[in-house]
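Peer 1: In order, the protein sequence lines correspond to chains A and B.
Per this note's numbering, residue 8 is the first one in the first sequence, and the count goes up by one each step.
Per this note's numbering, residue 5 is the first one in the second sequence, and the count goes up by one each step.
One or more hints might be untrue.
Claimed, not checked - In silico DSS-like links for lysine-lysine, alpha-carbon gap of 30 Å or less:
{"no.": "1", "chain 1": "B", "residue 1": "K61", "chain 2": "B", "residue 2": "K108"}
{"no.": "2", "chain 1": "B", "residue 1": "K108", "chain 2": "A", "residue 2": "K63"}
{"no.": "3", "chain 1": "A", "residue 1": "K106", "chain 2": "A", "residue 2": "K63"}
{"no.": "4", "chain 1": "B", "residue 1": "K17", "chain 2": "A", "residue 2": "K77"}
{"no.": "5", "chain 1": "B", "residue 1": "K108", "chain 2": "A", "residue 2": "K76"}
{"no.": "6", "chain 1": "B", "residue 1": "K61", "chain 2": "A", "residue 2": "K33"}
{"no.": "7", "chain 1": "B", "residue 1": "K108", "chain 2": "A", "residue 2": "K106"}
{"no.": "8", "chain 1": "B", "residue 1": "K108", "chain 2": "B", "residue 2": "K5"}
{"no.": "9", "chain 1": "B", "residue 1": "K61", "chain 2": "A", "residue 2": "K106"}
{"no.": "10", "chain 1": "B", "residue 1": "K61", "chain 2": "A", "residue 2": "K77"}
{"no.": "11", "chain 1": "A", "residue 1": "K33", "chain 2": "A", "residue 2": "K118"}
{"no.": "12", "chain 1": "A", "residue 1": "K106", "chain 2": "B", "residue 2": "K5"}
{"no.": "13", "chain 1": "B", "residue 1": "K108", "chain 2": "A", "residue 2": "K33"}
{"no.": "14", "chain 1": "A", "residue 1": "K63", "chain 2": "B", "residue 2": "K5"}
{"no.": "15", "chain 1": "A", "residue 1": "K63", "chain 2": "A", "residue 2": "K33"}
{"no.": "16", "chain 1": "A", "residue 1": "K106", "chain 2": "A", "residue 2": "K33"}
{"no.": "17", "chain 1": "B", "residue 1": "K61", "chain 2": "A", "residue 2": "K76"}
{"no.": "18", "chain 1": "B", "residue 1": "K17", "chain 2": "B", "residue 2": "K61"}
{"no.": "19", "chain 1": "A", "residue 1": "K76", "chain 2": "A", "residue 2": "K106"}
{"no.": "20", "chain 1": "B", "residue 1": "K5", "chain 2": "B", "residue 2": "K61"}
{"no.": "21", "chain 1": "A", "residue 1": "K106", "chain 2": "A", "residue 2": "K77"}
{"no.": "22", "chain 1": "A", "residue 1": "K76", "chain 2": "A", "residue 2": "K33"}
{"no.": "23", "chain 1": "A", "residue 1": "K33", "chain 2": "A", "residue 2": "K77"}
{"no.": "24", "chain 1": "A", "residue 1": "K106", "chain 2": "A", "residue 2": "K118"}
{"no.": "25", "chain 1": "A", "residue 1": "K63", "chain 2": "A", "residue 2": "K77"}
Bear in mind the hints are in silico, worked out from the structure with no lab data behind them.
Here the structure is a predicted model, which means the values were calculated and not measured.
Each chain is listed here by its residues.
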Amino acid sequence: SQQGEEDPQALSIQEGENATMNCSYKTSINNLQWYRQNSGRGLVHLILIRSNEREKHSGRLRVTLDTSKKSSSLLITASRAADTASYFCATVPYNQGGKLIFGQGTELSVKP
Amino acid sequence: KAGVTQTPRYLIKTRGQQVTLSCSPISGHRSVSWYQQTPGQGLQFLFEYFSETQRNKGNFPGRFSGRQFSNSRSEMNVSTLELGDSALYLCASSLGPDRSTNEKLFFGSGTQLSVL
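Starting from the given sequences, assemble the full structure and let the hints guide the process.
Peer 2: Okay, here's the thing in structure tokens:
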């Protein structure tokens with residue numbers, strides 16, 4: 008079963024704009040990770056935020072985590088056409104043996 | 005360092021056949037996880053192996069099986085293929101199995117399986 012649900016399912020923006028994707032999950036977690044997937048390829052890890060962290064930055068990426076609301080957001084600033092991809096949140100729920108469970112993903116399209 | 009290698013990249017089979025997919029993890033990584041990705045169900049966890057032992061298993065029928073060798077390479081097998089098994093099968097490796105210690109996964113490019 009899916010642990011995370013992402014919103015929106017699809018997002019289309021112009022180059023230079025910011026893109027925000029949200030992820031909600033159901034159970035307590037150890038950490039939450041965001042991955043990116045270009046069409047038909049493997050996933051690439053972007054950023055990891057621990058359950059005791061509230062915000063994390065990596066280049067043009069900013070991730071927030073609100074464990075009380077069981078939600079996270081990924082912000083991509085000054086988007087580029089090359090950011091066009093699907094973005095997935097993934098959680099490591101407590102007491103599930105450490106497996107990583109993915110959400111359904113947000114499909115981002117950045118138009119030049 | 006070479007990344008995660010999956011072979012073959014594409015595979016076409018017919019219903020009732022069986023298939024074996026291969027995954028070579030990043031050198032030094034001992035944990036291998038397998039995921040099935042379809043447009044309808046998204047990324048579904050199949051199983052995870054560490055030191056030749058299955059540590060975790062997802063909710064898939066017994067037709068889906070896997071194994072890991074002493075060099076950490078892994079194979080997954082699907083027997084009696086069904087049309088619904090058509091999917092992108094992704095393998096991922098990590099140093100160890102415990103994602104609660106903040107380990108991330110490194111993914112291969114996947115094997116695209118089409119069942120006709």
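Peer 1: For the pair supplied as a hint, A:K63 and B:K5, is the alpha-carbon distance within the 30 Å limit?
Peer 2: Judged against 30 Å, a Cα distance of about 27 Å means the pair holds.
Peer 1: Just to be careful, I want the Cα atoms of A:K106 and A:K118 compared with a cutoff of 30 Å; is the pair within it?
Peer 2: Violated: A:K106 and A:K118 sit about 35 Å apart, past 30 Å.
Peer 1: What's the verdict on B:K108 and B:K5, does the C-alpha distance respect the 30 Å limit or exceed it?
Peer 2: holds (17 Å)
Peer 1: Quickly compare the C-alpha distance for B:K61 and A:K106 to 30 Å and report which way the hint goes.
Peer 2: holds (9 Å)
Peer 1: Keeping to a limit of 30 Å between CA atoms, is the pair of A:K106 and A:K63 held or broken?
Peer 2: holds (22 Å)
Peer 1: Could you grab the alpha-carbon distance between B:K17 and B:K61 and see if it respects the 30 Å cut-off?
Peer 2: holds (25 Å)
Peer 1: What's the verdict on B:K17 and A:K77, does the C-alpha distance respect the 30 Å limit or exceed it?
Peer 2: violated (42 Å)
Peer 1: Please work out if A:K106 and A:K77 have their alpha carbons no farther apart than 30 Å.
Peer 2: The hint holds at about 18 Å.
Peer 1: Taking only the CA atoms, is the gap from B:K61 to A:K33 under or equal to 30 Å?
Peer 2: holds (20 Å)
Peer 1: Is A:K106 close enough to A:K33, meaning Cα to Cα at most 30 Å?
Peer 2: This hinted pair holds, its Cα atoms lying about 15 Å apart.
Peer 1: Is it true that the CA of A:K76 sits at most 30 Å from the CA of A:K106?
Peer 2: holds (22 Å)
Peer 1: For B:K61 and A:K77, compute the direct alpha-carbon distance and say whether it is at most 30 Å.
Peer 2: holds (25 Å)
The structure fails to meet hints 4, 11 and 24 from the earlier list, while all remaining hints are met.
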